[in-house]
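Novice: Kindly generate the complete structure, drawing on both the sequences and the hints.
Protein chains in written order, with the numbering used here: chain X, 1 to 99; chain A, 1001 to 1623; chain U, 2001 to 2299.
No lab work stands behind these hints, which were simulated from the structure alone. Check the hints yourself; a few may be wrong.
To be verified - The calculated lysine-lysine pairs, modelled on DSSO-like cross-linking and capped at a C-alpha distance of 30 Å, are:
{"hint": "1", "chain 1": "A", "residue 1": "Lys1597", "chain 2": "U", "residue 2": "Lys2032"}
{"hint": "2", "chain 1": "A", "residue 1": "Lys1597", "chain 2": "U", "residue 2": "Lys2095"}
{"hint": "3", "chain 1": "U", "residue 1": "Lys2032", "chain 2": "U", "residue 2": "Lys2095"}
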Amino acid sequence: MNENYYLVLAAILFAIGVAGFLTRRNALLIFMSIELMLNAANLTLVTFADAVGDLTGQIMAFFVMVVAAAEVVVGLAIIITIARSLHTASIDASSWLRR
Amino acid sequence: MTGGVTGAVGLAWLLVLIPFAVAAVLLLIGRVGDRWGHWLGVAGLVVPFGLAVAMLVQMLANSGVESYFVKWFVWLQAGSLRVDAGLQVDHLSLAFVLLVTGVGSLIFIYAVAYMAHDPGRRRFFGFLNIFAGSMLLLVLADNYALLFVGWEGVGLASYLLIGFWQQKQSAALAAKKAFIMNRIGDLGLLSAMALLFSHVGSVNFVAVGPSVAGGGAWVGLVGCLLLLAACGKSAQFPLQSWLLDAMEGPTPVSALIHAATMVTAGVYLVVRSQFVFTVSEVAMWAVAIVGVVTLLMGAWIGTAKADIKKVLAGSTMSQIGYMMLAAGLGPAGAAFAIFHLLTHGAFKANLFLGAGSVMHATNDDVNMMHFGALRKVMPWTFLTFACGTLALIGFPFISGYYSKDHIITAAFDKSPVLGALALLGAVVTAYYMTRLVILTFFGEKRWGDDVHPHEAPGLMLVPMVILAVASLGAGAFLNNHIVGWLAPVTGEPPEVPSSLFEFTWVTGAAFGALVIGVLAGWLVYRRGPVNESNFLLRAADAELGANAVNDVVVLASDGVTDSVGVVDRYLVDGGARGIYRAGMGLSTWIRGLQNGKVRSYGLMMAVGVVVIMVAVVVAGQVI
Amino acid sequence: MIGMAVNLTAVTFWICAPIMVVLGFGMVLARKVVHSALCLAGLMVALGVLYASLNAPFLFVAQLIVYTGSVMMLFLFTMMLIGVDTADELKETIKGQRAAAIVVVVALAGLLGFTVLHGIVGPSAGLAGVNNAAGGNAQAVAQLIFGRYAVAFEAASALVITAALAAMVLSHAERLTPKERQRERAERRVRQFASDALPVAPNPAPGVYARHNAATYPALLPDGTAAPGSVAPALEARGQAVVAEPALKLPAQSLHNRLAAQAAELDGRPRLMADLPDAAPALTAKTDASAEADQEVEK
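Specialist: Here you go:
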């Protein structure tokens, strides 16, 4: 089958991730959207690895997973800290970047 | 700092720096300095006086050298304009330095006693030292730009000192008036500097001097602008009206700044710029006419004022008018202008200190109608005042006799009309001084019961006595030397008076004028105050309508500025505001984007990604 | 054989891809964060299946363990820590954000799809050869990770350890005040009773009735109204508290009316009767909309 379909699927998933990132206000959902985008990118890498016949793409995907895991850990810790002090997980509750 | 000049002259910068340093200490040290600050202030001028004397000795010893140039550092360097912080010590500036430091020191000492009960005495001496430093910088500068610094400095000090008792509304207003009138003159000096720079490329005296020699009409313009500056600083017509109000300041200030030194800065400027005036006949005539007009106006005002200090102020205007007249006569008169300036500095300071002593004795009353018969109560004050008066009216063989008669002679040489008017001024001078002395010291006592006149303390008397001696002898002492001494700066006059006892018809006429004036004064006032009311006196008391003229000028210029203001507000400002409003609207809009919401920023980023992708795709299609 | 494999891959793809897209939309559109998390977990499992069909069995396992196993668990733990009363609202607060986002997303999807639609030219090379040469995909990947990419791998491990430490530091919070024990709580309540007239006793227990026995029912006060504070706030926030007062009062009221009618019959005097509704009112929980409205009011 045409492997380009994998790429198109990845593009759709990535766009969905962007949509979630832009429209949802809950910090957890925003993180999930980011994870979705990372996964879409991983799918592209794995697809190209198969298409080219080189494992480097898979290795890249593996490292993306590692970094994503670390990022999630730190990000969720930050969310917990913020939720503890502001009693909300909404990132619009206050304009954090403007203070 | 010595600029390669050896000896005392090499230390010329100290003349300027010592008073400024003392002023800084006095003004910054706070109340700690209240107990000794005034003596430090006196030292701030006495030490420079000693230095000036040493410089004089050095210059007399090296008679071959006419001027020393003491450069310190390059002050301004912009394009082809280069201005050094440099001093020019020559015969003219040294004469001024000696006058400022010598008379100034005596007045400083007098002020220690005069201001003894004033809580602001330390501040007063701080301001006085600012004045002294600025005045010395003014007369020592070797270029117009540095001169302008001193020029502004004395203007500032004058403002501060006239308004020293700023709790009095009149003093504050007088200070402001003096400051603004001086600004008008400063405009002239600045414009003259700009003209000189554009035509000569330098503002140094030595560079300007030879360059203007062949100049055209612009040199005349420079001369008139310099005259405007001189009019502002020296209270000459038409910028004379501030001087009478300036008498609101403490009397030592009136003596030092508004009689002996600062107001003569205009004369100094004209004499220093002789190279400009010798080129332009128009400018010289302008100077001479301004001098004559002012000398008559000042004398006229002096005949009517009841305020003793204002009479002396009118007299100052008048005498400076004589100096301007002389300065406008070219080489024939410039040296005599300085001669009269020096003797005037001594005897007018003497008169003002005497007036201050009288005020001191009568609870700061200045109205002559409340004096009378003070001769017996204050004999020393009376004697010294009499010496000053004789010098002023030009009694034979006393200071004014020599200096003023030379000016009248030179004026007759130039034009009989000028000479006759100068002679008329001498008559009026004798008249108003007689009036002043009779009303103050003779007749019956007219002071109130709560006033207990007393002789001034010794600390005030000593300077008065010294100045009285100077008033008597300065003319005879300087008569044979001054012209030769100043010749390098002012040029050789056609004839040099050689004898103290040379009599011409002018001498006789001047003596006749004196006698007429004194007799007239005695006849009118021998029985005390006269109920004066005629047109001439009313006009004089109103200062010849100067303030009314000022009001009209101000109103007229208000109209002009208002109309300019309308154009400015709606056309220029409208444009400017339009620009800033556009900018503000834009930035408000952009600021709205920066709302601190993460998702908005994410949207921006996504938009950016889309744009870049579109660019890449389009580029890929095109290539 | 090859035809079979291609077909199998295609079947896998065409089964998984629609599921993933649907789950992706579900994640973005779900009202509750838990539902979003479950959608994402399912999507990741499907993605792992795709990895497997793309000759990446090692990544398939890693995807299941790392993402669906640990990362999604972290999300759920965080959700529990933050609490469910921070329910996400779909109402947009930034003006124009949603419309702009939709436009941008559509443009992005279109551009990405257009760009990658012909990204791979020619037949796929396949990884069978590479995998077999090393004796399997895991072995092949291991050779690369611990060989050519050893340094990067070490750096990644350092990153993970640092992240773990960072998470500990960030989420650690010192107690600012000593913990309130029974004695302190009793003292505080008495103090508050004295100062603000707050009740000394604990909040009323939830209503337990013959018909219903659940913490979601409010207790009734003697006049038949619901006692405030008798239902746990978390349940109210979740929208599970029952607020149908008329329905709760109905049994008691009808009993009263029956008894009053009997008494009036016995002694001949009229009695006050309660107004009974025509039809029995429903027992309903608070709707989400009303809960949101309540929250707005609280704000």
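Novice: Against each hint, give a clear statement of whether it holds in the structure.
Specialist: Here is what the structure says about each hint:
Distance restraint check for lysine 1597 of chain A and lysine 2032 of chain U: the Cα-Cα separation of roughly 22 Å lies within the 30 Å cut-off, and the hinted pair is therefore satisfied. Between lysine 1597 of chain A and lysine 2095 of chain U the alpha-carbon distance is near 12 Å, which keeps this suggested pair within the 30 Å criterion. Restraint check for lysine 2032 of chain U and lysine 2095 of chain U: the C-alpha separation of about 23 Å stays at or below 30 Å, so the hint holds.
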